[in-house]
Amino acid sequence: MPLRATERSSLVGRVIDQLQTLIESREWPVGTKIPAEPVLVELLGVGRNTVREAVRALVHSGMLEPRQGDGTYVRAADDLGAALLRRLRRASHLEALEVRAGLERDAARLAAERRTPEDVAALRAALRRRDETRREPDPAEFVDADVSFHHTVVAAAHNGMLTDLYSHLTDGLRATVTSVTDAPLPDGPRFQLDSHAALVDAIEAADADRAVHCVEQYINETIASVRTLQDADPLPGGPDGGGTGPGTSTGANTGGRS
Numbered sequence: 004m005p006l007r008a009t010e011r012s013s014l015v016g017r018v019i020d021q022l023q024t025l026i027e028s029r030e031w032p033v034g035t036k037i038p039a040e041p042v043l044v045e046l047l048g049v050g051r052n053t054v055r056e057a058v059r060a061l062v063h064s065g066m067l068e069p070r071q072g073d074g075t076y077v078r079a080a081d082d083l084g085a086a087l088l089r090r091l092r093r094a095s096h097l098e099a100l101e102v103r104a105g106l107e108r109d110a111a112r113l114a115a116e117r118r119t120p121e122d123v124a125a126l127r128a129a130l131r132r133r134d135e136t137r138r139e140p141d142p143a144e145f146v147d148a149d150v151s152f153h154h155t156v157v158a159a160a161h162n163g164m165l166t167d168l169y170s171h172l173t174d175g176l177r178a179t180v181t182s183v184t185d186a187p188l189p190d191g192p193r194f195q196l197d198s199h200a201a202l203v204d205a206i207e208a209a210d211a212d213r214a215v216h217c218v219e220q221y222i223n224e225t226i227a228s229v230r231t232l233q234d235a236d237p238l239p240g241g242p243d244g245g246g247t248g249p250g251t252s253t254g255a256n257t258g259g260r261s
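Going by the working numbering, the sequence shown runs without a break in its numbering and finishes at 261.
Keep in mind that a hint or two might mislead.
For each label pair, taking beta carbons as the anchor points, the in silico distance ranges come out as [as the list claims (entries may be wrong)]: (1) D197 <-> D20: 18 to 28 Å; (2) E40 <-> A200: 31 to 41 Å; (3) E121 <-> R59: 42 to 52 Å; (4) L46 <-> D197: 23 to 33 Å; (5) L46 <-> Q71: 18 to 28 Å; (6) D81 <-> R138: 28 to 38 Å; (7) V42 <-> D134: 40 to 50 Å; (8) L25 <-> E116: 30 to 40 Å; (9) Q71 <-> A209: 46 to 56 Å; (10) S13 <-> R117: 44 to 54 Å.
Honestly, the hints are just simulated from the structure, not real lab data. Note that beta-carbon positions come from the ideal geometry of N, C-alpha and C, so glycine has one too.
With the hints as constraints, model all of the structure from the sequences given.
This is the structure:
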């Protein structure tokens, strides 16, 4: 009996490894629905109970997320992403912004030192899209464009670990931007054009200090917007607003895009 239990545990572990490989390789990207249980049984060549236990383990770790009446979705691309998402649920919007500020300052400095002509072209395109969507009636269009712009800046830093860390914080970034986008604040994200354009100019000019200054400018503007909204109607998010933090889902999960 102990031997059979060990064999079963080992089999579940192997199935977990296989599922993690499918997720980490992006064959199952973040935000996608995984195959139904009967399909997984056929795909992996194991029994239903084994599949069920493996999926349950990945749900517990935070890599998968069950949705009532809909199925199970990929929530995070790896263990680090899952751990950060769990922590983000307890963080306030201001805490997430402070962490974001640290990463984006470093990314801006490195981007100014390492950017290629292709990076500059990508930044200009991302900036144009952000500008074009700021007056769209659907704020989700702007949020997507804003998050994409900041990911493009981080990509220009050419530091794989920084890119991975920033990608894992996308949910928090997306939730914070969404929280302040709907409000017609004069210093809200939709009105922060000059600092973002100046950031691209600084990166193109290889002016690292000016790039960092631009990041600090728009981060401070966003923090001011969050505080204004909290004074009027507290936002959810840990000690700054109570309830769930910026890691809470704000709609369809889009993973590496936050």
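For each hint, the structure was consulted:
Take D197 and D20: their Cβ atoms lie about 49 Å apart, and the range 18 to 28 Å is violated. For E40 and A200, the hinted distance range of 31 to 41 Å is not satisfied, since their beta carbons lie about 50 Å from each other. Evaluation of the 42 to 52 Å hint for E121 and R59 yields a pass: the beta carbon distance comes to about 44 Å. One distance hint, 23 to 33 Å for the beta-carbon pair L46 and D197, is violated here, with the actual separation near 52 Å.
In this structure the supplied range 18 to 28 Å holds for L46 paired with Q71, their Cβ-Cβ distance being about 24 Å. The hint said 28 to 38 Å for the Cβ distance between D81 and R138, and at roughly 37 Å that hint holds. Our hint of 40 to 50 Å for V42 and D134 holds, since their Cβ atoms are close to 43 Å apart. Between L25 and E116 the C-beta distance comes to about 37 Å, which sits within the given range of 30 to 40 Å.
Taking the beta carbon of each, Q71 and A209 are about 51 Å apart, inside 46 to 56 Å as hinted. Against the hinted window of 44 to 54 Å, the Cβ-Cβ separation of S13 and R117 comes to about 45 Å, which satisfies the hint.
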